[in-house]
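Protein chains in written order, with the working numbering: chain A, 2 to 263; chain X, 2 to 263; chain Z, 2 to 263; chain P, 2 to 263.
What the hints contain is simulated information worked out from the structure, not anything from laboratory work. Treat each hint with caution, since some may be false.
Same chains, same label: a pair holds when it works inside one copy or across any pair of copies.
Said to hold, decoys possible - Calculated lysine-lysine pairs in the DSSO-like style (CA-CA distance at most 27 angstroms, straight line):
1. K35 / K73
2. K179 / K228
3. K235 / K179
4. K29 / K46
4 protein chains.
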Amino acid sequence: METIGEGDDVLLYLDKKRTYLVRVEAGKQFHTHKGYVELGDLIGKPYGSPLVSSLAVRFHALKPLVRDRILKTDRRTQILYEKDIGYLMLQLGVGSGNRVVEAGTGSGALTIALADAVRPDGMVYSYEINPSFQNVASGNVERAGLMQYVELKEGDVTTGIDEEDVDAVVLDMATPWKVVDHAHAALTGGGVFVSFSPTIEQVMKTVSAIKGLPFVDVETVELILRKITVAENKTRPQTQMLGHSGYITTARKVLGLTNLAL
Amino acid sequence: METIGEGDDVLLYLDKKRTYLVRVEAGKQFHTHKGYVELGDLIGKPYGSPLVSSLAVRFHALKPLVRDRILKTDRRTQILYEKDIGYLMLQLGVGSGNRVVEAGTGSGALTIALADAVRPDGMVYSYEINPSFQNVASGNVERAGLMQYVELKEGDVTTGIDEEDVDAVVLDMATPWKVVDHAHAALTGGGVFVSFSPTIEQVMKTVSAIKGLPFVDVETVELILRKITVAENKTRPQTQMLGHSGYITTARKVLGLTNLAL
Amino acid sequence: METIGEGDDVLLYLDKKRTYLVRVEAGKQFHTHKGYVELGDLIGKPYGSPLVSSLAVRFHALKPLVRDRILKTDRRTQILYEKDIGYLMLQLGVGSGNRVVEAGTGSGALTIALADAVRPDGMVYSYEINPSFQNVASGNVERAGLMQYVELKEGDVTTGIDEEDVDAVVLDMATPWKVVDHAHAALTGGGVFVSFSPTIEQVMKTVSAIKGLPFVDVETVELILRKITVAENKTRPQTQMLGHSGYITTARKVLGLTNLAL
Amino acid sequence: METIGEGDDVLLYLDKKRTYLVRVEAGKQFHTHKGYVELGDLIGKPYGSPLVSSLAVRFHALKPLVRDRILKTDRRTQILYEKDIGYLMLQLGVGSGNRVVEAGTGSGALTIALADAVRPDGMVYSYEINPSFQNVASGNVERAGLMQYVELKEGDVTTGIDEEDVDAVVLDMATPWKVVDHAHAALTGGGVFVSFSPTIEQVMKTVSAIKGLPFVDVETVELILRKITVAENKTRPQTQMLGHSGYITTARKVLGLTNLAL
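Pulled out of the complex, with its shape left as it was, chain A reads as follows (with noise of 0.2 angstroms):
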């Protein structure tokens, strides 16, 4: 069972709402409303052990995955959810050793999650035209350590994308369909083209873009998510649900003259 060192990251979970990615140090305290804990008391214990705080509320050090990062990245940049992340990431078909590009980077939460995937010899070329983003975005993907598959890139796409042949592009950014002449240009044949766009008027200028070039298997969904209650004669669909995030509009780049987008 792999233990917890000096230096690691832990989600200290307390409950579904109260949860702290925290990073361990000898000597070095964490201080919640439930008291504080002595994180160094977690040196050498496996992962997924209590930790009792001095107020005697217990909680419990998880290994902090994809998700939880993602979680605790700066929400006011944030729109994507792991809802859509992990559609995202299963149509983008990225696995280890692909070469990547995203627009706009944000606060680093899909770059994590993409970085995560393409380990150990893969690579994510992230851009982002706002330089304080870049700060936050540049801070998380350091913190879990994923910062060797990710080379952070301040640059306005709409204007062109460096890269070539990569096996798929990523767009989470206010006008998608200013890239998808670019995106093209920067696919290997067959790779995949993958946008998130909240409104549905930035759905139809994507994918008029999209239709005027080389691309097949052109798609756009939406998805749902409900959280369930489950509790005895207390099941049921929660209360308070998200009703939307964005659409996700998917598509592979083929090699030819003419448009053909099907």
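Given chain A, put chains X, Z and P in place with the hints provided.
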């Protein structure tokens, strides 16, 4: 740009509903209702290349993605859809180097996704009680070139799981509640349990079993996928829709003596 | 308990998918693949009574509800479903004594619901541009015994609406945005406008037209209906589902010179 | 055009989220955070007229619809939403002249919808076990001017229903399964049973009770309402959404000795 070689699989794409996963061999013809194509003509060409049939219909040769292989597994045994697999994968948090237990194997759709995620140095232990399914799965995993990351096991996980200290256990079987204790025993501290079930009674029993053991972060969700038609003056969610596939229940093992499902 | 008389309609119910709306006449046989029944046998019996066929299969004779008549209208012209009609009716706020304009009539499904709601002293003015639909609708309304509350009009509402001071206008037609100004003119102060449209482009144009006129309380919604299988150890939403029928846009006319859509 | 009179209710509309159901009286002021309005100024004016506040903010005086009165009932006791009430009403098939049993009354939201549907010559018998709710309901029904069509009864329907030969029974209460047999006894042949329940356990028990009695046309559904923002380059389903209110189960009574739920 990567080129297609003798013995490679390609996805021949005609349109959204007509795609064919075929092995490229010199001299081999593949017949469709749109005429036949000479698969050998693809050798040496880049992925994404067009291939014109004897009836002058153009196909494109795409590099098969994991999601293509999932779609091409035997649908008789298949109840997991892309929407569910994408979410399952992110919840499981499986990446390169992880060890995962799966039951049942079914046609191997999820096995392929798991194997692709754990490569190049992880392992999937996949249990199946029905030998006839195992043959189907074996063919699908072999064809995907992922057999070195998979151990297909004939066995009944309701009586126990052989592995220890695994990072994740994922169940897609009729009686998941009978496996919750074995899954807990097999998991490493902080390891992830995920179960997929079509009916709410299965979910109720499984969650009840989870709540009797040291698990935290218990959640049940359902994913609804809407396909959107995007075309000028015709933009709308599609009329036909998959109403339900199943519920996804997740939990994480913690260490300690008492139950404290939160 | 009300009894069935000569000339009454009954809904012969075999199972969920096999129901027949028939007129009871002495000596008349009704043939089904489960044998024939003698409709005259129902005369003098209460609604809900069983009727056994020549092949010893039991049917039941239900009193037709508005929703039964909606289901039995010609489905070729029918895009309104029960989920939509129920919501439309509540939004329209139509009750006894109200005067309502409808366009287009289609097969008369909504016409029947409206006529049933305004009786015994209201009126439905229903416009249809296609004479062949009008015949279908006329038959359906007549059969429901509601013709005295309906005026079927052949005409194009994009050129104007004859009525004034009506309580509500409801549109189920291809170009509702061309009727918004005529609807505003026809409505009484505070009167309700409702439009049903399958595509988002229709909605965009219609809402844009509404925002240019003195309307308040503008809202667009979509209703999704899930059918649930409820049976021991089989309880779950059904696999097949209607993905989309249309969007419902509502607004209320106010008096004054300027636009102020809120 | 109908004009507003002394003692009439109007819905003062400011915007979607700020509406006020008030009674018009000469000399009466109504105070809001946008200044006060002189309600007496509305006397003699048509519905839909503007009313300007002391702070120069314009309200509009709408004629209250049934749906407005539903929204303005006491929300503490209210779990029925417009989406559910519209569907319930169509399923119940209630119209002028019908006799309907309801339990429980709650705040009277559904009572008002039922009473409006059965007028001018039908009757709603509404049971409530909690006397404090009855006072709330009484005020709401009275204010809607519908009391002559409603008999509010304090009582426990799990012990029996007084009425016979009613056209419909509708339940919105914690233990509907305990009322199924009484509902069957109270219904006329072919009469409609409808139950609304938040949890799936309630639905399971209720459907099980239905299947033990002569009912046909048994169905359980759930309605999901999505509100759509429609504005240039902002068109999308709204972020916040009601995830679940309840399931609706319907059935129709037939005559005969045996159970045959189909």
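Hints and how they fare:
1. K35 / K73: Only inside one copy: K35 and K73 sit 20 angstroms apart there, 41 angstroms across copies, limit 27 angstroms.
2. K179 / K228: The answer is between: 23 angstroms across copies meets 27 angstroms, while 36 angstroms in one copy does not.
3. K235 / K179: Between copies, since 18 angstroms is at most 27 angstroms while 48 angstroms is not.
4. K29 / K46: Only inside one copy: K29 and K46 sit 16 angstroms apart there, 59 angstroms across copies, limit 27 angstroms.
The structure is consistent with each of the numbered hints, conforming to all of them.
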